[in-house]
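Student: So the chains spell out like this:
There are 2 protein chains.
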Amino acid sequence: MITPIKQHHEIIANELRKAIRDREFKTGDPVPSEAELCKRFHTSRGPVRQAIATLRAEGLLSSSRGRRTVVLDNVPTQSFDGVISFSQWCKNSGIEPGQITQHLTRHPADAKLAASLEIEPGAPVVSVYRLRLMDSEPVMVERLNYPLEVGKIVLAFDTDSGSIYQELIDQGVDINNATRTIDAIAASAEDAELLNIPEGSPLLRVRRRAFTVDGTPIESSEDCYLPSKASFTLNTAREQPSPLTMVRSAS
Amino acid sequence: MITPIKQHHEIIANELRKAIRDREFKTGDPVPSEAELCKRFHTSRGPVRQAIATLRAEGLLSSSRGRRTVVLDNVPTQSFDGVISFSQWCKNSGIEPGQITQHLTRHPADAKLAASLEIEPGAPVVSVYRLRLMDSEPVMVERLNYPLEVGKIVLAFDTDSGSIYQELIDQGVDINNATRTIDAIAASAEDAELLNIPEGSPLLRVRRRAFTVDGTPIESSEDCYLPSKASFTLNTAREQPSPLTMVRSAS
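Quick note, the sequences are listed as chains A and B, same order. Following the working numbering, the numbering of the first sequence begins with 1 at its first residue and continues without gaps. Following the working numbering, the numbering of the second sequence begins with 1 at its first residue and continues without gaps.
No wet-lab data here; the hints were simulated from the structure. Among the hints, erroneous ones may be present.
The list treats identical chains as interchangeable, and a pair is accepted whether it falls inside one copy or across any two copies.
Stated by the list, open to error - Subject to a maximum C-alpha distance of 16 Å in a straight line, what follows is the list of computed EDC-like cross-link-like pairs (lysine to aspartate or glutamate):
#	residue 1	residue 2
1	Lys26	Asp214
2	Lys91	Asp22
3	Lys39	Glu190
4	Lys229	Asp135
5	Lys6	Glu239
6	Lys39	Asp174
7	Lys152	Glu167
8	Lys26	Glu15
9	Lys229	Glu96
10	Lys18	Glu199
11	Lys112	Glu190
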């Protein structure tokens with residue numbers, strides 16, 4: 001895949017994120033004026049304003065109205081690779097990822113999975129159940145499900161060897177966006193045994209659906225984390241809608 | 001408080017969010033071109049681009065590079081009021097909120113709470129423990145903690161009557177931004193009794209710190225939800241960092 005050329009506002013947004021991460025711009029500090037940023041990035045106000053709008057929506061900068069824009073608490077954002085791929089998240093976090101496949105199955109989709117993947121009930125799917133490790137310690141169990149076309153790539157892959165996500169990308173699968181739903185669940189007997197915890201212990205559950213650019217589902221997964229090992233964090237600023245939305249559980 | 005005047009790109013962003021919410025722009029559809037949007041909003045490209053950048057960062061639109069921009073899965077964003085206030089979240093969701101105060105206490109901060117509020121250990125704080133209801137059903141227990149200056153307002157308020165957040169806003173407290181950390185926890189005996197579930201049942205926990213614009217903490221809270229009643233959801237698009245970040249738990 002050819003990497004598309006970054007647009008000017010994206011380069012500025014990356015530079016600003018880096019300045020916040022490196023604490024050049026500290027929590028509570030006002031950000032430089034538009035004029036100063038234009039000078040720094042040799043650009044006009046348009047791309048600077050787009051970059052600022054992006055960082056506001058990410059919760060890195062305060063809202064604009066009636067007040068100066070300041071740097072908020074230093075919560076890092078997460079790359080899309082890190083959202084989709086536990087292996088990549090570990091690598092970004094300086095952790096050695098690991099995986100032990102429990103089973104890899106081709107089977108007909110039940111009604112619920114078929115609905116999630118938007119295929120006919122009974123259509124073939126490929127499912128993977130793996131224990132995931134951080135620095136050799138059990139941390140998470142994952143259940144990944146793919147429609148057959150994508151699943152064929154998974155069936156041909158050694159799922160003990162590393163990132164399925166990377167393999168799909170390498171094989172040209174167009175993973176464009178994902179929806180995550182986060183809640184808590186009691187550990188099943190199966191998960192509890194793998195994670196070495198009592199059955200019924202609380203787990204942090206992340207259900208994810210991944211889509212191509214035209215909205216076709218290509219993955220429906222469920223990751224259950226030990227809450228002692230992982231949690232989620234984000235900033236939100238006043239007058240800036242939060243992309244993370246609380247919803248009534250559909251159960 | 002005087003409501004500051006909305007900037008042009010904010011108005012456009014609101015209109016675009018509304019068009020997505022109302023399904024005028026449907027999932028998978030390309031968004032109109034910049035030229036069309038300029039015409040529709042009687043504006044130049046700058047504010048249109050800022051608005052698009054905001055909606056991309058919110059996960060409502062796909063990324064730009066190398067592909068047309070399309071509307072992603074229709075996950076609504078959440079207002080800051082809804083992030084901070086359970087009462088407001090309920091109202092936004094068409095649910096009748098309720099609350100039953102268990103205790104309201106003025107006491108010296110222990111080391112952990114003092115660190116979270118950035119005050120001296122032993123400094124006075126005000127703590128509230130309430131059961132929260134949706135349409136008269138138990139859904140969540142909340143533990144709210146305030147430094148004394150803010151807490152005095154809470155002590156003078158009937159915490160069974162409604163939103164503490166609204167009372168703080170009405171009294172002129174400047175709640176500018178908040179950090180949330182989400183994980184799972186086993187229900188304590190105290191919480192289990194109020195929520196009418198077995199002790200140790202999994203709860204979805206949201207820890208929140210709220211700040212003034214200059215970064216002074218004014219609230220440190222912990223909400224524990226029945227996962228059968230509430231969950232969190234968000235979209236993320238490729239090449240767009242996610243504001244929700246997974247972190248190693250600090251336990």
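Student: Indicate, hint by hint, whether the structure satisfies it.
Tutor: Tested hints:
{"no.": "1", "hint": "Lys26 x Asp214", "result": "between (40 Å within a copy, 11 Å between copies)"}
{"no.": "2", "hint": "Lys91 x Asp22", "result": "neither (19 Å within a copy, 40 Å between copies)"}
{"no.": "3", "hint": "Lys39 x Glu190", "result": "neither (58 Å within a copy, 58 Å between copies)"}
{"no.": "4", "hint": "Lys229 x Asp135", "result": "within (12 Å within a copy, 35 Å between copies)"}
{"no.": "5", "hint": "Lys6 x Glu239", "result": "between (29 Å within a copy, 10 Å between copies)"}
{"no.": "6", "hint": "Lys39 x Asp174", "result": "neither (37 Å within a copy, 33 Å between copies)"}
{"no.": "7", "hint": "Lys152 x Glu167", "result": "within (12 Å within a copy, 57 Å between copies)"}
{"no.": "8", "hint": "Lys26 x Glu15", "result": "within (14 Å within a copy, 33 Å between copies)"}
{"no.": "9", "hint": "Lys229 x Glu96", "result": "within (14 Å within a copy, 36 Å between copies)"}
{"no.": "10", "hint": "Lys18 x Glu199", "result": "neither (42 Å within a copy, 44 Å between copies)"}
{"no.": "11", "hint": "Lys112 x Glu190", "result": "neither (20 Å within a copy, 36 Å between copies)"}
The structure shown violates the earlier hints numbered 2, 3, 6, 10 and 11.
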